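Chemist: Sequence:
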Amino acid sequence: MDARIDFFAGPTAGKALKHLMAAGRTLHDSTLPAAVQELVSLRISQINGCGVCLDMHTKEAAAAGESAVRIALVAAWREATVYTEAERAALALAEQGTRVADAGEGVSDEVWERAARHFDQEQLTALVLLVSFMNAATRMNIISKQPAGGYEVGQFH
11 MDARIDFFAG PTAGKALKHL MAAGRTLHDS TLPAAVQELV SLRISQINGC
61 GVCLDMHTKE AAAAGESAVR IALVAAWREA TVYTEAERAA LALAEQGTRV
111 ADAGEGVSDE VWERAARHFD QEQLTALVLL VSFMNAATRM NIISKQPAGG
161 YEVGQFH
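Residue numbers (the working numbering): 11 to 167.
Don't read these hints as lab results, they were simulated from the structure.
Treat the hints with caution; some may be incorrect.
To be verified - Pair by pair, the computed Cβ-Cβ distance ranges are:
id, residue 1, residue 2, range
1, ALA26, ARG127, 24 to 30 Å
2, ALA19, GLY164, 30 to 36 Å
3, GLN131, ALA74, 20 to 26 Å
4, THR94, ASP119, 35 to 41 Å
5, GLY59, ASP119, 27 to 33 Å
What the hints assert, rightly or not - Only pairs whose alpha carbons sit at most 25 Å apart, straight line, appear in this in silico PhoX-like list of lysine-lysine:
id, residue 1, residue 2
6, LYS69, LYS155
7, LYS69, LYS28
8, LYS155, LYS28
9, LYS155, LYS25
Note that the structure is a prediction, hence the values are computed from the model and not measured.
Backbone N, C-alpha and C define an ideal beta-carbon position, used for all residues, glycine too.
With these hints in hand, go ahead and build the complete structure from the sequences.
Modeler: In structure tokens:
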């Protein structure tokens, strides 16, 4: 598969992506635990069907020490016993934040309050920004048919 757009070739995309990548680095360096970040990024990538993001976050999670079992079970996190309550709360928020049109109400008060029990205000802010960031990234990659498989750990951080 060939990409429809080379986001790094043109001046408009180059300028915009510079800021988007800086936002991604800021989130990566936030106090939101790295494991939560990768699990949330994986789940959003799965929901949206973004191969290049799945490639990236699967490899990043493995490089950060995540087990193959935890990576593989993200799609079935509700039934899996390998996630903490905080990780489950983040995954629930990520799913509702990604499926805004399907949920009708967006993120429910129950899901928000559950996340707020596990994360402080700074971490919640980073989580909301990460969900938004990942949804933007997956949509850009899907629309432009970015190919998966060639990502190298640390390439965008």
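Chemist: Going back to the hint list, which numbers does this structure go against?
Modeler: Result: hints 1, 2, 4 break, sorted rising.
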